[in-house]
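Q: Here is what each chain is made of, one letter per residue.
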Amino acid sequence: MSEELSIAVRHAFADFSLDVDLRLPGRGVTVLFGHSGSGKTTLLRCVAGLERAPRARIALNGDCWQDDNGHFVPTWQRSVGYVFQEASLFAHLDVRANLAYGMKRALGSAGQDDILRMAQRFGIDPLLSRRPAGLSGGERQRVAIARALLTRPRLLLMDEPLSALDAARKEEILPYLEALHDELDIPVLYVTHQIEEAARLADHLVLMEQGRVTSSGPLDSTLARLDLPLARNQDAGVVIETHVLGHDADWHLTQLGFAGGELWVSERPFPIGRAVRVRILARDVSVAHSAVHDSSIQNRFACTLAGIAPADDPAQCLLALDAGGVPLVARITRRAADQLGLTVGAQVWAQVKAVALLE
Amino acid sequence: MLESHDWSAIWLTLRLALTVTALLLVMGTPLAWWLANTRSRLRGAVSALVSMPLVLPPTVLGFYLLLLMGPHGFIGRLTQASGLGLLPFTFWGLVVASTFYSMPFVVQPIQNAIEAVGTRPREVAATLRASPWDAFWSVVVPLARPGFLTAAILGFAHTVGEFGVVLMIGGNIPGQTRVVSVQIFDHVEALEYAQAHWLAGGMVAFSFLVLLALYTLNPDSRWRGA
Numbered sequence: 001m002s003e004e005l006s007i008a009v010r011h012a013f014a015d016f017s018l019d020v021d022l023r024l025p026g027r028g029v030t031v032l033f034g035h036s037g038s039g040k041t042t043l044l045r046c047v048a049g050l051e052r053a054p055r056a057r058i059a060l061n062g063d064c065w066q067d068d069n070g071h072f073v074p075t076w077q078r079s080v081g082y083v084f085q086e087a088s089l090f091a092h093l094d095v096r097a098n099l100a101y102g103m104k105r106a107l108g109s110a111g112q113d114d115i116l117r118m119a120q121r122f123g124i125d126p127l128l129s130r131r132p133a134g135l136s137g138g139e140r141q142r143v144a145i146a147r148a149l150l151t152r153p154r155l156l157l158m159d160e161p162l163s164a165l166d167a168a169r170k171e172e173i174l175p176y177l178e179a180l181h182d183e184l185d186i187p188v189l190y191v192t193h194q195i196e197e198a199a200r201l202a203d204h205l206v207l208m209e210q211g212r213v214t215s216s217g218p219l220d221s222t223l224a225r226l227d228l229p230l231a232r233n234q235d236a237g238v239v240i241e242t243h244v245l246g247h248d249a250d251w252h253l254t255q256l257g258f259a260g261g262e263l264w265v266s267e268r269p270f271p272i273g274r275a276v277r278v279r280i281l282a283r284d285v286s287v288a289h290s291a292v293h294d295s296s297i298q299n300r301f302a303c304t305l306a307g308i309a310p311a312d313d314p315a316q317c318l319l320a321l322d323a324g325g326v327p328l329v330a331r332i333t334r335r336a337a338d339q340l341g342l343t344v345g346a347q348v349w350a351q352v353k354a355v356a357l358l359e
Numbered sequence: 360m361l362e363s364h365d366w367s368a369i370w371l372t373l374r375l376a377l378t379v380t381a382l383l384l385v386m387g388t389p390l391a392w393w394l395a396n397t398r399s400r401l402r403g404a405v406s407a408l409v410s411m412p413l414v415l416p417p418t419v420l421g422f423y424l425l426l427l428m429g430p431h432g433f434i435g436r437l438t439q440a441s442g443l444g445l446l447p448f449t450f451w452g453l454v455v456a457s458t459f460y461s462m463p464f465v466v467q468p469i470q471n472a473i474e475a476v477g478t479r480p481r482e483v484a485a486t487l488r489a490s491p492w493d494a495f496w497s498v499v500v501p502l503a504r505p506g507f508l509t510a511a512i513l514g515f516a517h518t519v520g521e522f523g524v525v526l527m528i529g530g531n532i533p534g535q536t537r538v539v540s541v542q543i544f545d546h547v548e549a550l551e552y553a554q555a556h557w558l559a560g561g562m563v564a565f566s567f568l569v570l571l572a573l574y575t576l577n578p579d580s581r582w583r584g585a
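Sequence order for the protein chains is B and V.
One point on numbering: in the working numbering, the residue at position 188 of the first sequence is 188, and numbering is uninterrupted.
One point on numbering: in the working numbering, the residue at position 27 of the second sequence is 386, and numbering is uninterrupted.
Certain hints may be false.
Reference listing, derived: stretches of chain V covered by chain B, where coverage requires no fewer than 3 residues with Cβ under 8 Å from a Cβ of chain B [what the hints assert, rightly or not]:
no., region
1, 366-377
2, 395-405
3, 498-505
In the SDA-like style, the derived pairs of lysine to any residue whose C-alpha atoms are separated by at most 25 Å in a straight line are [as the list claims (entries may be wrong)]:
no., chain 1, residue 1, chain 2, residue 2
4, B, Lys104, V, Trp492
5, B, Lys170, V, Pro491
6, B, Lys104, B, Gly70
7, B, Lys104, V, Glu482
8, B, Lys104, V, Leu426
9, B, Lys104, V, Asp545
10, B, Lys104, V, Val454
11, B, Lys104, V, Leu401
Read the hints as simulated data drawn from the structure, not as lab findings.
Just so it is clear, CB atoms sit at the ideal spot from N, CA and C, and this is done for glycine as well.
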């Protein structure tokens, strides 16, 4: 049996039409990314069975939930967890009863130990006897995620779970989501229009535009594709999986390694070997023909120039770089590209001015 | 003071109001659910029919119900064919008439409450493995509880207070169809003002207490019925 989630939906809804045929990995976080109105939430609702498109095929690991021949498993019989955009806790139940609600129905009983353990994992154990009305937005969303996970779903669907929260509350929840990313062995479909969230959480990135999928692939290579509109954004950039190599106590720096070389970043108290995801924006990468040693920029690595494409700004162009198999994107002026005589296949040095740790 | 006739009228009125309220909660809830959720074109027509007793004079409603339940009416033939006999001038005739008459007072608060709860809690329940039936009882009813409470209280109170329909359908048979409002009318006709005061005053106090209960038990629900 293939471990995968396949979603094919073709339907004209009242205000737009959806035409999607996706095969997604059966593990890890897939981010559905697109502007509002691109159909990502509708697609998620179709997967959950909350929306019934007459022509759709939805199957998880060979288990068919809907097909073109009228077979349709109702939402409550699908093993999905769903986290809604806004607070969706039952107002008439306290936190403990909210957590137990789905668990009782999915597993036949609600083990108090399991509830307590899950509550501790999400830092909501002091709130168990509180009513939803007395919780902050961030707390409510953590309860909602814990409640969904307690049903032991085979698929977790999250519809912009952070969009109703302010920046501080988002930062309060993101670490829990990142932990989920590392611990969960079920596939997660995560809808967002924030590239920051996608960069931090995704393994697999699906770009949607006007009800269609414009690209579906691993996060790192998708972010580095110059032919997608994503690369032309002001804050376009790539995400690189690195690991901690060591620390330099004198200079308060931490060294991270990846296939293409090493990066120095401000010191973080991470153990050696720990995986760290970093983001490098295209505008923070410059290129040179040789390793420049008399520069303040010390993060540099040898790359092959893999592609050149125009940017939205007519003065600029985008470079696709390959650093030991790891894709990078640089945005430089067209004049600089011309004066350096850059051609595809050339060996260049990428200089990275800023690295954002996605933690 | 109250005499045995008065007490029997009070007892009859309570029995009638309780029966009608129970029936209306059982029948009105599915109807309110349908009205709150349907996209059918019949929705407007059904809503209008349910609300008719709010605008019609009780005598008009009573008159047509009398014909319907009579020997040549649709309901009358049905009850005769099933061996129940004819309903007019019986307790059960009053029950049927009052059920129609008090319908909007029960259906509308429940419908409003179900609409206010919305579809989201039901969707959430479905993603937590609750069947639609389960979700109705475990989520919709508790969240719409103020609406059900309002519906029960208004249905009860409105049945207690009816007069015209009772007179048209039930007449004035002691112990059978003579409810409090009719009994008051009789006392006044017979110039027994003291008797009338006891009952009428009791009704005033009863109505006040019912509405007081409604507004204190349900402080945040504004009744948006008739």
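Q: Does each hint fit the structure? Answer for all of them.
A: How the hints compare with the structure:
no.	hint	verdict
1	366-377	violated (count 0)
2	395-405	violated (count 0)
3	498-505	holds (count 4)
4	Lys104/B / Trp492/V	holds (16 Å)
5	Lys170/B / Pro491/V	violated (33 Å)
6	Lys104/B / Gly70/B	violated (30 Å)
7	Lys104/B / Glu482/V	holds (17 Å)
8	Lys104/B / Leu426/V	violated (54 Å)
9	Lys104/B / Asp545/V	violated (60 Å)
10	Lys104/B / Val454/V	violated (42 Å)
11	Lys104/B / Leu401/V	violated (39 Å)
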